[in-house]
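Protein chains in written order, with our numbering: chain W, 12 to 487; chain B, 12 to 487.
The set of hints was computed from the structure by calculation and includes no laboratory data. Computed from a predicted model, the values in this text were never measured in an experiment. Do not take every clue at face value.
Remember, identical chains collapse to one label, so a pair may be satisfied in a single copy or spanning two.
Under the rule of at most 20 Å between Cα atoms (straight-line distance), these lysine to aspartate or glutamate pairs were calculated in the EDC-like manner [claimed, not checked]:
1. Lys-233 <-> Glu-295
2. Lys-79 <-> Asp-160
3. Lys-283 <-> Glu-89
4. Lys-283 <-> Asp-293
5. Lys-298 <-> Asp-459
6. Lys-233 <-> Asp-409
7. Lys-397 <-> Glu-421
8. Lys-370 <-> Glu-299
9. Lys-414 <-> Asp-293
10. Lys-310 <-> Glu-299
11. Lys-297 <-> Asp-379
12. Lys-233 <-> Asp-122
13. Lys-192 <-> Glu-314
14. Lys-233 <-> Asp-293
15. Lys-393 <-> Asp-198
16. Lys-233 <-> Glu-299
17. Lys-298 <-> Asp-356
There are 2 protein chains.
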Amino acid sequence: MGRILAFFLAISFTQAQTNPASIAARSWREGHEQAILDEFFQLLAVPNIASDQVNIRRNADMIVAMFKKRGVATRLVEAPDVNPVVFGEIRTPGATRTLVFYAHYDGQPLDPKEWATPPFTPVLKDQRIYARSASDDKAPIIAILAAIDSGAKPKSNIKFVFEGEEEAGSPNFGHILEANKDLFSGDVWLICDGPVHQTRKPLIAFGARGIATVDVTVYGPKRELHSGHYGNWAPNPAMMLVKLLNSLKNDSGRVLIDHYYDNIEPLSATEKRAIAAAPDFDEELKKELWLGSTEGAPKKLIELLQKPSLNIRGMASARVGAQASNVIPSTATASIDMRLVKGMDHKQVIALFKEHVRKQGYFIVESDPSADVLMSHERVAKVVSKEGGYNAVRTSMDLPISKEVIGAVESARGPAVKVPTMGGSVPLDMIEHALGTQTITVPIANHDNNQHSYNENIRVQNLWDGIELMAALLTM
Amino acid sequence: MGRILAFFLAISFTQAQTNPASIAARSWREGHEQAILDEFFQLLAVPNIASDQVNIRRNADMIVAMFKKRGVATRLVEAPDVNPVVFGEIRTPGATRTLVFYAHYDGQPLDPKEWATPPFTPVLKDQRIYARSASDDKAPIIAILAAIDSGAKPKSNIKFVFEGEEEAGSPNFGHILEANKDLFSGDVWLICDGPVHQTRKPLIAFGARGIATVDVTVYGPKRELHSGHYGNWAPNPAMMLVKLLNSLKNDSGRVLIDHYYDNIEPLSATEKRAIAAAPDFDEELKKELWLGSTEGAPKKLIELLQKPSLNIRGMASARVGAQASNVIPSTATASIDMRLVKGMDHKQVIALFKEHVRKQGYFIVESDPSADVLMSHERVAKVVSKEGGYNAVRTSMDLPISKEVIGAVESARGPAVKVPTMGGSVPLDMIEHALGTQTITVPIANHDNNQHSYNENIRVQNLWDGIELMAALLTM
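My request is simple: use the sequences and hints to build the entire structure.
In structure tokens, the structure reads:
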């Protein structure tokens, strides 16, 4: 390395990292990498799909034990038929405020056949760790543990809240908060979830989109029919679904459900400035993702994430590929998620969706329709919204606590990208609603982590950086 | 039973069955039902997917052995890398014409998980036999064997031709016929395939629709993306596919591909009369299939089958149901079959289809596109037409041989429904093209046989009736 280059790197390092707790965390981490990874692998090896209650509890118990080992008072908060919430607390004598760190220990459902390596057998490969929840969202839990180990000494009271059914839509989290208001109260909730910016710069999100999901099934003949002997006469549910889904969005990506955009709260001047200042990574991202076009072009990704979306997350009817056969399918199903922005209500969005389906000529049912129902209506759609949805939130960037979090993050990791609303969803509205507490999201995972898909992973460097970030936030 | 009712039933029976060979076949069958079923089950137990070359050969060898046992000179006609054609022959001294009986011994691809009982373990239940190819198309082979056993004595020369890759689109059958013209020549080919009328009346089809199949895959991001972090920006291939498929048909079922209907040959007066005379079973069929509407209403099924169709036979993108996750899928695929009527050319139809996809803004590839191809085009579609398609045929009902076949069928089984074109496809154009021989289709299977789907079956009564039909046709 040339002398001048080394000098500039040193400058850049100094500018990026001025926080003493972060500097200490890095130094500590460099001497304990194997031990950190061992603990991480131990946690990743426990399957954590929210519906798998036995293993969910093994995860929760393991996290409790890990925190207790560090002297953090930790326990499970229980409710009937609910995955336990892990709650930990560090009381700091003389502290005048409380910081609450949130993460979730459950992971997205998966199909192991799609994975290159088994999802609950963590593998270190090419400087990444592959496993379900490696990034979403067990990494922040491990980063916090390592930051504590590195000697980070809080000035505030600290609480840890780790949820066990976030990927199932947090159906019970709001009730648990309501029932334990004092326990969970604090001056701010720091949400440790989601990815940093695609440039790998740190990112602070002051809000997150809400979500509503819905599954739609439409019906053709009672049983699959020979497409030769009945084609042109028997209604094809795949084509019916196509017509229905086509009615939901126009070619430029605008959702055509009536009143969908009615109640959206506009962005503030600070928020608009933050979006304009964000790095433009779109062309690089298109290359990384092999994209020849984007849906909302010429608008940038960060702009488009401030708007609500409607996404077909899965679609199925009969079979394709080698197993395709010449049938008229009996049913066709689409699974849809809608990402909501501040001002939209998730329950009302489902109601608007159903009304839209009705306007396309469908009779709506909520469970499998009987022969009578099918025969007495031209078109029948089963519309089910099982997973609990929730609303978007957006914390003002102008609040003192917002400015303080920006300061802590940038002192640990250098200039941060500040986004009013991140694209993903976390149940922040429940926190605001139950506790009246603002939230700020401080992610650590790499953006290219295959979150919610197969081969989920975290870059080891992101885990290391996350430890330094957590050290800065714990000592804020 | 009242005397008068018994009298009318007797009359009806007599009217229905005047053919001595059929009467003899019934009597023989009544004494040998178990033996017939044993032989049928033995044949059904051999898996017969066209791609499974080892088992395909076991089927062919078994059929050869079964015919040889009856003294019929039978052998395999081979070509390199082609499933063998079973060929059998009965030479009748003094005969002035040759009747060729066609069936196929291969079956549709399947997913065993969808079946109530294993597809190659035949089961007799509720007076039906369940197994792949129980109806499509091993039943006619067994019916012919039983008719021979019953003593049916041909007046014509008889040839048997059993194909082994019909369900794969008969990619090689035309070449084999061309290469063996004398061997396969005859005065008429009797096609033993497809179902009888839904009223369970016998049916004679003077033609069949042709077919062209195509698989279309469209591309979103290189890998599945988190639908929160990228939704609104990354193109969703499921929605792209929806827009593309939507452009193919209007709401009343008309295909919107330019020039799709251009070259269709109109129906003759006799053909129109036959359609008008066919029983109207549509309302019963709607009840049987739990349908509240039909695609081409108010037109009848039999009318609609005289027109070309475009059918989505399967559609898939990411996952639905319990395995759905919040992703933007990476690809979306639809499998499509188009049923063609006389005058349409299957290769031209594929060309028109591709041109239509191009007009929707797609760059077309025939294998998985490279990153470069994806990045340098707004939209890319892989359009593959692997399975060999073929054209429709229609034999005039006014020919002497047509009238003779009608006579034989009605003397065996009573008044028949006569359709100019049946909805399903069989490679009849290859026969006409290679040999210059007309074809007439004489099916035996029940319409509700789950042909091409899971739980395929044949009513035992349809097998028994089929034996009587084959006895009449063999002695024509």
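Here is what the structure says about each hint:
Taking CA atoms no more than 20 Å apart as the test, Lys-233 paired with Glu-295 passes between copies only; the shortest distance there is 14 Å, against 48 Å inside one copy. For a Cα distance limit of 20 Å, the shortest separation of Lys-79 from Asp-160 inside one copy, 12 Å, qualifies, whereas the shortest one across copies, 84 Å, does not. When the C-alpha separation of Lys-283 and Glu-89 is checked against a cutoff of 20 Å, the pair qualifies neither within a copy, at 41 Å, nor between copies, at 74 Å. Only within a single protomer do Lys-283 and Asp-293 lie at most 20 Å apart by alpha-carbon distance; the minimum there is 18 Å, versus 61 Å between protomers.
Proximity of Lys-298 and Asp-459 under a CA criterion of 20 Å is satisfied intra-copy only: 13 Å inside one chain copy versus 52 Å between copies. In this assembly of identical chains, Lys-233 and Asp-409 lie within 20 Å of each other by CA distance neither inside one copy nor across copies; the values are 59 Å within and 38 Å between. Taking the shortest Cα distances, Lys-397 and Glu-421 never come within 20 Å of each other, neither inside one copy (40 Å) nor across copies (57 Å). Taking CA atoms no more than 20 Å apart as the test, Lys-370 paired with Glu-299 passes in neither setting, with 40 Å inside one copy and 28 Å between copies.
Taking the shortest alpha-carbon separations for Lys-414 and Asp-293, neither the intra-copy value of 27 Å nor the inter-copy value of 71 Å comes in at or below 20 Å. For the identical chains of this complex, Lys-310 and Glu-299 are intra-copy neighbours only, at 18 Å inside a copy versus 52 Å across copies, given an alpha-carbon limit of 20 Å. Taking the closest pair of Cα atoms, Lys-297 and Asp-379 come within 20 Å of each other only across two copies (18 Å); inside a single copy the shortest separation is 41 Å, beyond that limit. For a Cα distance limit of 20 Å, the shortest separation of Lys-233 from Asp-122 across copies, 19 Å, qualifies, whereas the shortest one inside one copy, 28 Å, does not.
For a Cα distance limit of 20 Å, the shortest separation of Lys-192 from Glu-314 qualifies neither inside one copy, at 35 Å, nor across copies, at 69 Å. For the identical chains of this complex, Lys-233 and Asp-293 are inter-copy neighbours only, at 15 Å across copies versus 47 Å inside a copy, given an alpha-carbon limit of 20 Å. Within a single copy, Lys-393 and Asp-198 get their C-alpha atoms no closer than 43 Å, and across copies no closer than 54 Å, so neither meets the 20 Å cut-off. In this assembly of identical chains, the alpha carbons of Lys-233 and Glu-299 lie at most 20 Å apart only when taken from different copies (8 Å versus 44 Å within one copy).
Taking identical chains as interchangeable, the C-alpha atoms of Lys-298 and Asp-356 are never at most 20 Å apart, the minima being 36 Å within one chain and 41 Å between chains.
Violated hints, listed in ascending order, are 3, 6, 7, 8, 9, 13, 15, 17; each of the other numbered hints is respected by the structure.
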